Amino acid sequence: QVQLVESGGGLVQAGGSLRLSCVASRTISTIHPMKWFRQAPGKQRELVAGITSDEGPNYADSVKGRFTISIDNAKNTVFLQMNNLKPEDTAVYYCHSDRPSWRDSWGQGTQVTVSS
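Counting from 1 along the sequence shown, just add 24 to a position and that's the residue number in the numbering used here.
Treat the hints as calculated values from the structure; they're not laboratory data.
Predicted model only: the values in this text are computed from it and were never measured.
Be careful, since some hints might not be right.
As the list claims (entries may be wrong) - Under the rule of at most 25 angstroms between Cα atoms (straight-line distance), these lysine-lysine pairs were calculated in the BS3-like manner:
hint, residue 1, residue 2
1, Lys-110, Lys-67
2, Lys-67, Lys-99
3, Lys-88, Lys-67
As the list claims (entries may be wrong) - Here are the computed distance ranges between Cβ atoms for each label pair:
hint, residue 1, residue 2, range
4, Pro-65, Arg-90, 19 to 27 angstroms
5, Gln-25, Ser-140, 22 to 30 angstroms
6, Asp-78, Ser-139, 34 to 42 angstroms
7, Asp-78, Gln-37, 36 to 44 angstroms
Using N, Cα and C, we set each Cβ at its ideal position, and we do this for glycine too.
Turn these sequences into a full structure, and let the hints steer you where they fit.
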């Protein structure tokens, strides 16, 4: 198991930027994808971005060109840089790993609210 702690959310106006961080309590293995998900009120959790050492980053169509996922292995931290934010980006954001022993681990999430 692992503990994942997300931070960096907040209230921002449309067009603004935020940088989310997710610190893992154990060494991140980029062989297994590290991902960011989000869940808006009344909606299902959706995949926003993922990254592996072999395939690099990938993004949901809704965030392509605006969001960037990255990893700092030395700090066991995954980042999500979010630019040109839109009201529809409002959600709680979670990080997650596809590493088999970590799949049941979710953090508390970090709230992102974008005002129009």
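Hints versus structure:
In summary, the hint linking Lys-110 to Lys-67 is supported, as the alpha carbons are separated by about 17 angstroms, within the 25 angstroms threshold. Pair hint Lys-67 plus Lys-99 does not hold up; C-alpha atoms about 32 angstroms apart against a cutoff of 25 angstroms. With a CA separation close to 20 angstroms, the supplied pair Lys-88 and Lys-67 stays within the 25 angstroms bound. At roughly 21 angstroms, the beta carbons of Pro-65 and Arg-90 sit within the given window of 19 to 27 angstroms.
For the pair Gln-25 and Ser-140, the supplied restraint of 22 to 30 angstroms is violated, since their beta-carbon distance comes to about 40 angstroms. Remark: the range hint 34 to 42 angstroms for Asp-78 to Ser-139 is upheld by a beta-carbon distance near 39 angstroms. A C-beta distance of roughly 37 angstroms is found between Asp-78 and Gln-37, which places it inside the suggested range of 36 to 44 angstroms.
Violated hints for the displayed structure, listed by number in ascending order: 2, 5.
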